[in-house]
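Quick mapping for you: the protein sequence lines, in order, are chains W and S.
The first sequence runs 2 to 189 under the numbering used here.
The second sequence runs 194 to 397 under the numbering used here.
Keep in mind that the hints were calculated from the coordinates and are not lab data.
Backbone N, C-alpha and C fix where the C-beta goes; we use that ideal spot for every residue, glycine too.
Treat the hints with care, since some could be wrong.
Which stretches of chain W does chain S cover? Using the computed rule of at least three CB atoms under 8 Å from a CB of chain S, they are [as the list claims (entries may be wrong)]:
#1 13-21
#2 41-50
#3 123-136
Derived list of chain W stretches under chain S, where covered just means 3 residues or more per stretch with a C-beta under 8 Å from a C-beta of chain S [to be verified]:
#4 31-38
#5 58-67
The chain contents come next:
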Amino acid sequence: MTPHVHDSELDSKLLSYWLDELDETQASEVEEHLFACEGCAARLRELLDLRNAVRAALRDSRFAAVVTPAFVRRLQAAGLRLREYHLLPGGSVPCTFAPTDDFVVSHLHAPLAGVRQVDLVYDDGYSQHRAPHLPFDASAEEVTVIPPVAMLRNLGTATHRMRLFAVTPSSERLLGEYTFNHEPWSST
Amino acid sequence: MRTASHYARGVPISAAFTRDDDEAARLARRILEAASAGDAHAEAEFCRQFAPRIRLFGLKRLRSEAAAADLVQDVLMLVLQKLRAGAVHEPERIASFVLGTARQLCIDARRNGGRRQRLLDSFSLDLEPAATPELHAPDEARLQHCLQALPERERAVLIMTFYDDCPAETLGAQMGLSTGNVRVIRHRGLKHLRDCLVGSGGAT
């Protein structure tokens, strides 16, 4: 069967149900329906498969992610091994990635009060990549970046830089530059 | 087609979906009519239809694959017992009956640890739930591409939501965003991700 609801609306409703965001009456209605409709039950299973795949991709750190400090604490609470670097604006740090690390986390501290939009420019010495409109919590005064482990694992000696910009419709202002002096892991 | 505005206007959620429980009702009637003689084919088909739905319900309520698998067996055993005994009076509402049984068993689970094994010992039908995990798992490389192609905020909201089933209210508090704003970003991100995975978009 084909649900009458547009697929994306259905996904959002099913996800709200799954995340316990619906009130008791709404959740009960969705539950009743899932027991009577194979198509919607299959759609929820598909959504959960996608969730599991995203979790696996995150665990393998196959992509870069900007997260929140609270999310980093959730990773720690789950027993994942994090190598963390805290940098102030203008700061630099020697860094590496150990075989036993699950993630590297870069805490880029910056004065974010009153800032509406933050963009990140990533510079690996050869090319620059701009990531606009980062998620951030101004009260935390930091942007938290998890670079992809696959990239770090194969990285030799290198200097990478991240720059944060406060962006308005008419201008942008440098919030800070952060330098990472990477060395391959050495156990000695 | 119904849209989010239907929900906003207070249209019941159930009215926004179609139902396909006629087939389940037909199977329930066949099992009722066969009574103690049994209709193995109808029972097997009944289990095939409902096992995945009970499993989902169990995962949602119990957050455990093993507990959900146990629930599937328990619910199907009890429902089939009732059907064989002629104790289901509205087969056209069999889906609601299965759900009610599942809800009750979740409540009873802690109180009746030994009941489950007694039921299992007395039941001969194979009630192993269909193996359904990862049926729709997307291609890894494609998923990586599509996640990387999402706008930063959408990617962040999706991964922080999916990682440990974090609701919008909690995530909003952690991101300095309203609950509604997180839901909008999540909705867009999920749509972009889906579109990219099926090849109809570059994620944005």
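task: Give me the numbers of the hints this structure contradicts, sorted from smallest to largest.
output: none
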